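Participant: Here are the chains, one letter per residue:
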Amino acid sequence: MDQKALRYDIVVIGGGNAALTAALEARLAGASVLVLEHAPKAMRGGNSRHTRNIRAMHAAPTSVLTESYLEDEYWDDLLRVTGGQTDEALARLTIRATQEALPFMARCGVKFQPSLTGTLSLSRTNAFFLGGGKALLNAYYAAAEALGVEVLYDTQVTEVAIDGRRVRRLKVVCKGFPLEVTGKVVIAASGGFQANIEWLKQAWGPQAENFLIRGTPYAQGRVLRNLLDQGIASVGDPTQCHAVAIDGRAPKFDGGIATRLDCVPFSIVVNKHGQRFYNEGEDVWPKRYAIWGRLVAQQPDQVAYSIIDSQAEKLFMPSVFPAIKADSIAALAEKLGLEPAALEATVAAYNAACVPGDFYSSRLDGVHTQGLEPPKTNWARPILQAPFIGYPLRPGITFTYLGVKVNERAEVIMQDGGVMENLYASGEIMAGSILGKGYLAGFGMAIGTVFGRIAGKEAARNVQR
Amino acid sequence: MSSVEMIESPAMADSRRAMEVCNACRYCEGFCAVFPAMELHRDFAAGDLSYLANLCHGCKGCYYACQYAPPHEFGINVARSFALLRQESYAEHAWPAPLGRAFARNGLVTSLAMAGGIALVLLLTFLLQSPGTIFGVLPVTPGAGFYLIIPKAVMTLTALAAGLFAVLAMGMGLASYWRASGTRGWSVKDLRQACKDAASLRYLGGNGHGCNDKDGSFSTTRRHLHHLMAYGFLLCFAATSVGAFEDLILGWPAPYPLLSLPVLLGLAGGIGIIFGCAGLLWVKLQADQEPQARELLGADAGLLLLLLLIAATGLLLLALRGTSAQGVTLCVHLGLVLGFFVTMPYSKFVHGLYRFAALLRNAREQREAG
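Keeping their order, the protein sequence lines are chains X and A.
If you read the first sequence in our numbering, its first letter stands for residue 946, the second for the next number, and so on.
If you read the second sequence in our numbering, its first letter stands for residue 9, the second for the next number, and so on.
Hints were generated in silico from the structure; no laboratory data involved.
Hints are not guaranteed to be accurate.
The following label-pair restraints were derived from C-beta to C-beta distances [what the hints assert, rightly or not]:
#  : chain 1 : residue 1 : chain 2 : residue 2 : range
1  : A       : 266       : X       : 986       : 48 to 56 Å
2  : X       : 1329      : A       : 200       : 43 to 51 Å
3  : X       : 1267      : A       : 375       : 30 to 38 Å
4  : X       : 1287      : A       : 197       : 53 to 61 Å
5  : A       : 375       : X       : 1255      : 28 to 36 Å
6  : X       : 1329      : A       : 21        : 32 to 40 Å
7  : X       : 1308      : A       : 196       : 34 to 42 Å
8  : A       : 276       : X       : 1048      : 38 to 46 Å
9  : X       : 1284      : A       : 377       : 39 to 47 Å
10 : A       : 200       : X       : 1013      : 34 to 42 Å
11 : A       : 204       : X       : 1048      : 26 to 34 Å
12 : A       : 200       : X       : 1229      : 39 to 47 Å
13 : A       : 18        : X       : 1267      : 15 to 23 Å
14 : A       : 18        : X       : 1146      : 40 to 48 Å
Just so you know, these numbers come straight off a predicted model, no measurement behind them.
Every residue, glycine too, gets a C-beta built ideally from N, C-alpha and C.
Required output: the full structure, derived from the provided sequences and hints.
Facilitator: Given below as structure tokens:
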């Protein structure tokens, strides 16, 4: 490849939502732009390819959002999930800017779904992409290519060469060959490190070996590590990641949304020894699924089994893998690889503790156990009717919180408080500043879109200086 | 219980697996009727899958949006799996059954060979009988002209026999599919909805977003081309019906002047078919092959080519009226039309009927689901 050809005004590291919005804005402002995407074309787009919606502030109903969702309510929602681990100035900036995000997306060819059926009720707060995140990315890539943004797939950035407060060049491996790429300005939008099992092990120990990664295998965190090692300030807890309980048969990477299992509240969940370990009916599933990743990760071999009977079979979204069924608890235990006597004892003790009551699957029904440890405080109906059904559970990692620190112009901040002269960041690599803990549906895409656009515009302005 | 278990076809097994993945994902529910229809099920019987496959208009939106499409290990390609399953349903329900099997794969060769063969037979027959008539310059006067080449009774009876056979065969096929795919319990309101959805090609991107004709980008080209072809076909059918009515009932014999209803209808329809079919062929060949079923290209292209040739020879016949080329052109045109009618129940033509049945069941299910 021609070395001279790889000098651009702006080089964007990454190929997801935060990278493409940055590339589009920079190109629209007149800069020459190169996007370096680690994945091959068919798997481009980072974790954005598994997303579905963006949380957007709006004062009045739009074609895709109902009623209104104002800044203060949005902020309260964020404050609640993060428990205050957020930066109010950056958060409010993000929230306000989501108002203009939707028209920008539409201009780039992104199509939205008019309204939503099904189990999620987010039509007031979240705009859904027609076909999901991959369709959104297809639109962005098509728009970028039409504008003359260049994209290199299969291209991993291995080193960001920093000299003082400037990025001098990037060392990359393009389709297996080493290259140097120079940009007057660099935008890091290369995501977190959740697909880097070795790194996860540093925080979690050897048990991380058994984690499944819900998103892209290309989120290796190489650029993030490289920047933090060179004096860039970090934000977010380096040991924390967003982990949910997913079907234990899911692929190691890229299982995405389909591998979720919503049966836990209507089940009992046992570990590999056939023992229960947490109150399955503590709250409705949307408020609890994010703690179950951690709960399962703390069990031996990082595996658990959700057990229901035929009464509960149809109370939750269909699973991607078939239910494991048997005519007796002992036979089910055999199929799941559990000790039959242990599972029979656990089910018998649970059944004996169930206090009769009126069962309602769609709300907290208060049907509980008595004298059982740990208790089950809702939907505690005895497991009696064959066939008995089991699903294996494993921790599924969605994203990590550790990132680089940025200011409101998406400029990257150094440990000494100085501001990098030509390095910007957007997306998951900086999201820890705003979402330091927890999870809010569609907020990752909000941060990525808003900061992608800011980074792109600011970078183009920087080039013109 | 039979000791021999029915073994499912790969297309059926593939489609079932795809629907199980899709039903756990549901990101595509905004594209078309298939995904909302799928969401009404947890398990998928063969009849349900056949119904969903025929409900699919092949817009390919779900392929380009799919996070589980190849090279993902799930390898989901609903557009392709359903195209193959549709073809299996046509072959399975074709009447009489042995013909369905013969036409299950090799559509292009079969249609063209049959159409060409019929044209050739007609040509040879009349060449042998009276070369003077077929190459002669004949007057364009009512009652003469065409009927000097092919006697009126032969033309009428052949057309009637071929037409009746096609209607019977397709009727039997549709009835069999109708039973197997659960098209029952519908109301007049559902019928109206299904007619509306079919006539507007609502699910070929008709909700405004367009569909993925050639690649990941959205367009309404294919929908508009299909309209040109389908409504062109209906105009030609109307032209033929009006002509037959005027000739056989009112006793105004063909051929008709340029500014008459049958000729104007046929002219407009013929032009629609030519542009529609040529455009659809062009889109099909230009498009990304991944979400298509390459093995069905023959069947798809066969019908489009045959319609294109019929329309082209029909217009040519109009242009060549009263010249020495009229006889040959008429024989070829009628041969192709005859071939079309005979092969119709075993060609992609039946997709319209199967899809309508699917739209009808969908209208009923969505009404009941509220």
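Participant: Evaluate the given range 15 to 23 Å for the C-beta pair formed by residue 18 of chain A and residue 1267 of chain X.
Facilitator: About 19 Å separates the Cβ atoms of residue 18 of chain A and residue 1267 of chain X, which means 15 to 23 Å holds.
Participant: Given a hinted range of 34 to 42 Å, is it respected by the beta-carbon distance of residue 1308 of chain X and residue 196 of chain A?
Facilitator: Cβ of residue 1308 of chain X to Cβ of residue 196 of chain A: about 39 Å, so the range 34 to 42 Å holds.
Participant: Please test the hint of 34 to 42 Å on the beta carbon pair from residue 200 of chain A and residue 1013 of chain X.
Facilitator: Taking Cβ atoms as reference, residue 200 of chain A and residue 1013 of chain X lie about 37 Å apart, which means the hint holds.
Participant: I want to verify a distance hint. Is the separation of the beta carbons of residue 1329 of chain X and residue 200 of chain A within 43 to 51 Å?
Facilitator: 48 Å, holds
Participant: Taking the CB of residue 276 of chain A and the CB of residue 1048 of chain X, does the distance hold inside 38 to 46 Å?
Facilitator: 42 Å, holds
Participant: Given the hint of 40 to 48 Å, check if residue 18 of chain A and residue 1146 of chain X actually sit that far apart at their C-beta atoms.
Facilitator: 41 Å, holds
Participant: For the range 28 to 36 Å, tell me whether the beta carbons of residue 375 of chain A and residue 1255 of chain X fit it or not.
Facilitator: About 30 Å separates the Cβ atoms of residue 375 of chain A and residue 1255 of chain X, which means 28 to 36 Å holds.
Participant: 48 to 56 Å was suggested as the range; check whether the CB atoms of residue 266 of chain A and residue 986 of chain X agree with it.
Facilitator: 55 Å, holds
Participant: Falls inside 53 to 61 Å, the C-beta gap from residue 1287 of chain X to residue 197 of chain A?
Facilitator: 57 Å, holds
Participant: Using the beta carbons of residue 204 of chain A and residue 1048 of chain X, state whether their distance is inside 26 to 34 Å or not.
Facilitator: With a Cβ separation near 32 Å, residue 204 of chain A and residue 1048 of chain X satisfy 26 to 34 Å, so the hint holds.
Participant: Taking the beta carbons of residue 200 of chain A and residue 1229 of chain X, is their distance inside 39 to 47 Å?
Facilitator: Distance hint for residue 200 of chain A, residue 1229 of chain X holds at roughly 41 Å.
Participant: So the hint says 39 to 47 Å: do the beta-carbon atoms of residue 1284 of chain X and residue 377 of chain A match that?
Facilitator: 44 Å, holds
The structure shown violates none of the earlier numbered hints.
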